[in-house]
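Take the sequences, apply the hints, and build the full model.
Take the sequence shown: its position 140, counted from the start at 1, is 140 in my numbering, and no numbers get skipped.
One or more of the hints may lead you astray.
[To be verified] Straight-line Cα separation of at most 20 angstroms, EDC-like style, residue types lysine to aspartate or glutamate; simulated pairs:
(1) K74 / E116
(2) K40 / E101
(3) K40 / D67
(4) K18 / E81
(5) K18 / E116
(6) K74 / E134
(7) K18 / E134
(8) K40 / E98
(9) K74 / E101
(10) K40 / D69
(11) K74 / E34
(12) K18 / E6
[Stated by the list, open to error] Taking CB as the label site, the calculated pair distances span:
(13) D67 / R12: 29 to 37 angstroms
(14) A121 / R12: 13 to 21 angstroms
(15) A141 / S39: 36 to 44 angstroms
(16) L139 / I16: 14 to 22 angstroms
(17) E49 / L127: 21 to 29 angstroms
Derived by calculation from the structure, the hints in this document are not laboratory data. C-beta atoms are modelled at their ideal positions from N, C-alpha and C, and glycine is treated no differently.
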Amino acid sequence: MLTSVERLLFVRAVPIFKELRDDFLVRLASVMDELSFPSKHTIFTEGQEGRSLYILVSGTVRVHIGDRDLAQLKAGACFGEMSLFDAEPRSASITTIEQCECLMLTQMQLYDAIDETPGIAVNIIRLLSRRIRELNQKLNAKEAVLLLPDTAKVAEMR
Numbered sequence: 001m002l003t004s005v006e007r008l009l010f011v012r013a014v015p016i017f018k019e020l021r022d023d024f025l026v027r028l029a030s031v032m033d034e035l036s037f038p039s040k041h042t043i044f045t046e047g048q049e050g051r052s053l054y055i056l057v058s059g060t061v062r063v064h065i066g067d068r069d070l071a072q073l074k075a076g077a078c079f080g081e082m083s084l085f086d087a088e089p090r091s092a093s094i095t096t097i098e099q100c101e102c103l104m105l106t107q108m109q110l111y112d113a114i115d116e117t118p119g120i121a122v123n124i125i126r127l128l129s130r131r132i133r134e135l136n137q138k139l140n141a142k143e144a145v146l147l148l149p150d151t152a153k154v155a156e157m158r
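See the structure below:
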């Protein structure tokens with residue numbers, strides 16, 4: 001069982017919550033459920049409806065699509081966060097590699113906390129907008145590199 005301070009530290013480390021006010025983070029930390037999963041347990045599967053975020057408190061999970069591994073996440077990592085906002089199907093599966101302890105925040109818990117914390121919705125919108133803008137800039141930079149002519153082909157043409 002985590003103390004309220006430990007819960008707060010895990011919540012504060014989640015990128016989408018990092019810059020939000022402490023009163024809101026304390027509220028979130030207090031309503032999150034503590035879950036324990038055995039080794040080789042599938043927490044959720046690709047395509048499953050999602051309405052919750054998980055913070056990995058201990059253990060390791062694998063992120064995968066079918067048999068193809070995409071990543072391994074360790075304590076402190078967060079997964080499932082986008083489903084809090086859009087409730088879209090999960091884009092990958094999460095399976096424990098070893099015994100894992102997690103904090104889980106449901107969409108309803110988040111919405112209730114937003115309702116009880118004046119002004120926090122605007123902060124969340126700004127934060128998500130900034131993340132989208134940063135991703136767009138990264139994509140644009142990658143596209144620009146792809147559009148650069150291949151120097152070997154340019155030399156051949158001369």
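Run through the hints listed earlier and report the numbers of any the structure violates, in increasing order.
1 and 6
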